[in-house]
Each structure stands twice: as structure tokens, then as C-alpha cells.
Amino acid sequence: MRTYPRNSPEAAARIVALALTADGHVCSSEDRALDRLNVSRELGLAPGQFPGIVQALCEDRMLAPASWADAADDLDADLLTTLMAEIDDPMLRRKVLRLCLAVAVADDYLADGEIALLAAMLEAWRPHRTAIAM
1 MRTYPRNSPE AAARIVALAL TADGHVCSSE DRALDRLNVS RELGLAPGQF
51 PGIVQALCED RMLAPASWAD AADDLDADLL TTLMAEIDDP MLRRKVLRLC
101 LAVAVADDYL ADGEIALLAA MLEAWRPHRT AIAM
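If you're matching positions, the sequence shown starts at 1 in this note's numbering and goes up one per residue.
No lab work stands behind these hints: they were computed from the structure.
Every residue gets a Cβ at the ideal spot worked out from N, C-alpha and C, and that includes glycine.
Among these hints, one or two may not hold up.
As the list claims (entries may be wrong) - Label-pair distances were calculated between CB atoms; the ranges are:
id, residue 1, residue 2, range
1, Pro-5, Leu-79, 17 to 27 Å
2, Asp-108, Arg-6, 33 to 43 Å
3, Leu-110, Arg-36, 15 to 25 Å
4, Gly-24, Ala-77, 13 to 23 Å
5, Ser-28, Asp-88, 28 to 38 Å
6, Thr-3, Asp-108, 26 to 36 Å
7, Arg-6, Ser-28, 25 to 35 Å
Just need the whole structure built from these sequences, with the hints factored in.
Printed below as a string of C-alpha cells:
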């Protein structure tokens with residue numbers, strides 16, 4: 001799996017791409033949701049760059065070990081942790097989560113892979129209790 005700089009538009013876009021492909025396919029309602037939200041602009045990508053990141057993710061998953069290449073609900077927990085760790089800016093995390101939620105609900109159905117990815121995001125990005133107590 002390729003790496004992107006921490007908090008980069010590409011790292012953020014890859015997580016949105018995971019949400020887009022989490023149910024095993026991309027439907028037109030998900031595409032429309034991303035267009036409506038202007039995902040490239042929201043994440044600071046060049047116009048038309050997001051489809052290339054989706055393509056790169058799919059290629060990486062095809063070439064990766066079997067545990068990485070299955071549906072998102074079967075993605076290796078260590079891999080998800082690594083990908084989530086590439087985003088540590090709280091504002092960018094909220095933006096990525098908002099975009100992922102919009103994609104996940106765009107077809108009016110939450111697939112197991114989408115639920116698993118959203119749960120992994122919430123677990124990885126939750127505020128630490130000690131930080132809240134301070």
C-alpha cells in the first residue's frame with residue numbers, strides 16, 4: 001500500500017475512497033454525492049484528481065496481501081490503523097468523516113463494509129479521555 005504525507009489531500013482522499021468502495025461497488029448515487037460535495041475541492045485536490053486516488057487504492061488492494069484485498073469489513077485492522085494514522089489534524093478528520101458518511105448513506109443503505117470502516121474511523125479518531133479531562 002503506498003503511503004502519502006501526513007494530513008495530505010491524498011491521504012484524506014484515500015480514506016474517502018475506502019468509504020466509496022467499502023460495499024464492493026460504486027453506485028451512481030455515491031458518485032452524485034461526491035460531485036455535490038465537490039470532494040476534490042473540499043480535500044484540496046486538483047480537479048479530477050480524486051478518481052486517480054480511487055484507482056490507486058483499487059490497484060494497491062489488488063496487489064496487496066489477501067487480508068488487505070478483501071471487502072472493507074475484512075480489511076486488516078493494522079492496515080486500517082496505519083491509514084487512519086495518516087490523518088491527525090482534527091479539522092481534517094471531521095471533514096473526512098463527514099464526506100465518508102455522505103458517501104455511505106448516499107444509496108440509502110449501510111453495507112457491512114461501510115459500517116466497519118466508519119466504526120474503525122470513530123475508534124481510531126476518538127478523542128482520548130485524558131485530553132477531554134484536561
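Structure-based check of each hint:
The supplied range of 17 to 27 Å is met by Pro-5 and Leu-79, whose beta-carbon atoms lie about 18 Å from each other. A C-beta distance of roughly 34 Å is found between Asp-108 and Arg-6, which places it inside the suggested range of 33 to 43 Å. In this structure the hint that Leu-110 and Arg-36 lie 15 to 25 Å apart at CB holds, the actual value being about 19 Å. A hinted range of 13 to 23 Å holds for the C-beta pair Gly-24 and Ala-77, which are about 19 Å apart.
The given range of 28 to 38 Å is respected by Ser-28 and Asp-88, whose C-beta atoms sit roughly 33 Å from each other. For Thr-3 and Asp-108, the hinted distance range of 26 to 36 Å is satisfied, since their beta carbons lie about 34 Å from each other. With their beta carbons about 33 Å apart, Arg-6 and Ser-28 fall inside the hinted range of 25 to 35 Å.
In the structure shown, no violation is registered for any of the earlier numbered hints.
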